[in-house]
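Participant: Listed below, chain by chain, are the residues.
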Amino acid sequence: MNVIFDALANLMALDVLIALLVGAIGGVLIGAIPGVGPAVAIAILLPVTFQFEPLVGLTLLLGIYGSSMIGGAIPAILINTPGTAVNALTTYDGYPMARRGEAKRAVSLAFGASFYGAVFSILCLLFLSPVLAKVAPHFGSREIFMAAFLGVVCVVLAHRNQTVVAAILLTVGMFLNSVGIEAVRYSKRFTFGQGWLNSGFDLIVVILGLFALSQAFLLLVSTERQRKPPALTGSLLTGFMEVFRHKRIATVSSFFGVVLGIIPGVGEFTAQFFSYAYAQKTSKKPELFGSGSPEGLVASESANNAVPAAAMIPLLALGIPGEALTAMMLSVFYVHGVIPGPALFETRPDFIYSLFFSLMAINVVVIAFLFFATNLLVQVVRINERFLGVAILTLSMVGVYSLRNNLMDCAVAASFGVVGYILRRLNWPIVPVILGMVLGRIMDEKFRTAMARVETPLDFINRPISAILFAMIVVALVLHFYTLFRDSRKTRKE
Amino acid sequence: MSSSQDDSDHHDSLGIRNRVRSELPALFFLALITVAAYGLLVLVPSQTRWFPRVHFYLQPGFQAYVILVTMAFFASIALLREIMRLRLRKSRQTIFLWLEILDWLRSIEYALWFVAYAVTIPVLGYLPATLGFMLLLGARVGIRSARKLAVLALIGLTIVLFFRGLLTVKMPAGQYYEFLPEPLRGFALMAL
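Respectively, the protein sequence lines represent chains Z and Y.
The number in our numbering is simply the position in the first sequence, starting from 1, with 101 added.
The number in our numbering is simply the position in the second sequence, starting from 1, with 238 added.
These aren't lab readings, by the way, just hints derived from the structure by calculation.
Hints may contain errors.
Stated by the list, open to error - Beyond 10 Å from chain Y on every Cβ pair, some chain Z residues (computed): (1) 330; (2) 331; (3) 451; (4) 458; (5) 511; (6) 545; (7) 565; (8) 588.
Stated by the list, open to error - Rough simulated footprint, nothing fancy, chain Z against chain Y, three-plus residues with beta-carbon under 8 Å: (9) 313-321; (10) 421-427.
The beta-carbon is built from N, C-alpha and C at its ideal position, and this holds for glycine as well.
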């Protein structure tokens, strides 16, 4: 009980409260502007948060992460353009509802479903914490290596129809991580005699290049388009409360969000897919899905908003990020010497509970803000794309230059910006590069530590947890190849 | 659901590319990655150190071998698959390739703008460099209205005051600030 009081006391500190407000409201704004997204905002703010206390920095970033998807529903519904990538499914039912004059109902329903999903997953997280605290200490080097390996496999397999490309990009990220002086024998790898490569590629610089700069280039090069959102009339509360008429769908979708959010590399898209398919199959009006079904809207919004809290589980318990945003947050932990992983639950339980409570508070602040400011936020959607491009490029400089005041970092970030731009143009995923860098480092480190106690390769899986993780890897691969085989047989028959 | 899905097949979030158009550019980019993977694989012995009496799996080059072999393997598969999939619209495809590469090069222009901005900060100072960068780049991308340019300048000023003045983010002070009169000089060195 003391832990909970300590956590609440941590949350009451003025700087944490300011970070909470700025993160929550800033996240909604960022989400509501198509073309920015939480990854860009977090990449820019990441180096700035290094000077704050870890809880302050993480609350700010969590605020952006947790609330941007709620804000992203606004342009998805009003102008058929998702504010963040995960709001794409919201356009299927939200936009048709807006077109038939139910814009306010759709927007408030999306807010209600998002809030439901977020609260559901935070409660799961709170109840799971004591279990996690007991299980996490059983994770040694072998288990963490296997969990990271499972993450690698899931990241690749989650990119359906792009698995080979995702595998290539993941190895590119792993290779980038291996450049520089390695930590065990201090020998140089792939430095080509260049002094600036001795310290390798900084994760933050690569993230800023691939996410923020590439997005700015895309906005600057794109053709300008006019966006005219429809006016919102009526009360937000009615639609917000309507979620409770669809509580079965909201609960199941949130559950999918929690379960799939925990598995590294899977995340929002798969959770939404399962939830949407479930809602459609069990609906009395399945024909409405895709042309303005409130159930479809509830399914997609509650699933994607249940993921952020769940994605914190592998990060906090094992130090393994499941997707790009939590990978970025990992840097905040490391900069402050707070190492996420099994020991964190024993040494700093108050810190962990503070994060959970701040997530809950963020969602309350966001909903309160949206009740007053939605009509104003609709205008944010109109912001000129090139204007945004110039602003993102200027803000990115704060992130890159403030790291080490190093011009080479700026050149490296600009180069990765071009690479990220090409990847976006080709519609190839960027996330595997970042996860390759982060998971590659964890795997390298844990493999070397584990090898000191391993005599045969089988020793890697002779403990229960590592054996379960290995079995999950095998099952994931078998299922993937089975569905490939089944799909190709179906295509041949047709 | 299907109409939106069809849309997403042909256009990205900004609606500026389609799948047919990207076939050859994707092949080109894959070829680049494949060549890089094999090239780096060949370079592993010269770019990593081999320690005697140490197991091969604990050698610094082991991880590089595993990663690069995997990268080369997947890149080769993807490249071969793309070559086999390539349709017969070769003449149109070649045009698309050059159009796409031209678009890639356009992003390099903005990358150079970014580097130039970084170079000017320690000389001019963060505030003048930011204002100059935002106004010139704004004009370059077609923002002509005086009101919009003024808003850009205001955003630039806010960014500088917020990050350097308020959050004291580490940005270098400009050399030219030295020439400012005394009371302003101190403020500029601290907050601008």
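Participant: Taking the hints in turn, state whether each one holds.
Facilitator: How the hints compare with the structure:
Against chain Y, the non-interface label of residue 330/Z holds: every CB pair exceeds 10 Å, the least being about 17 Å. Listed as a non-interface residue, residue 331/Z keeps its Cβ farther than 10 Å from every Cβ of chain Y; the least gap is roughly 18 Å. Listed as a non-interface residue, residue 451/Z keeps its Cβ farther than 10 Å from every Cβ of chain Y; the least gap is roughly 26 Å. Every C-beta of chain Y lies more than 10 Å from that of residue 458/Z, the closest at about 25 Å, which supports listing it as non-interface.
A beta-carbon of chain Y comes within 10 Å of the beta-carbon of residue 511/Z; the shortest separation is about 4 Å. At the 10 Å boundary, the C-beta of residue 545/Z falls inside the reach of chain Y, the nearest C-beta of that chain being 5 Å off. At roughly 24 Å from the closest C-beta of chain Y, the C-beta of residue 565/Z stays outside 10 Å, upholding its exclusion from the interface. At roughly 16 Å, the least C-beta separation between residue 588/Z and chain Y is larger than 10 Å, which holds for a residue marked as non-interface.
Counting residues of the segment 313-321 of chain Y whose C-beta sits closer than 8 Å to any C-beta of chain Z gives 4, which meets the bar of three, so the coverage hint holds. For the segment 421-427 of chain Y, the stated coverage by chain Z is violated: 0 residues have a C-beta nearer than 8 Å to a C-beta of that chain, whereas at least 3 were required.
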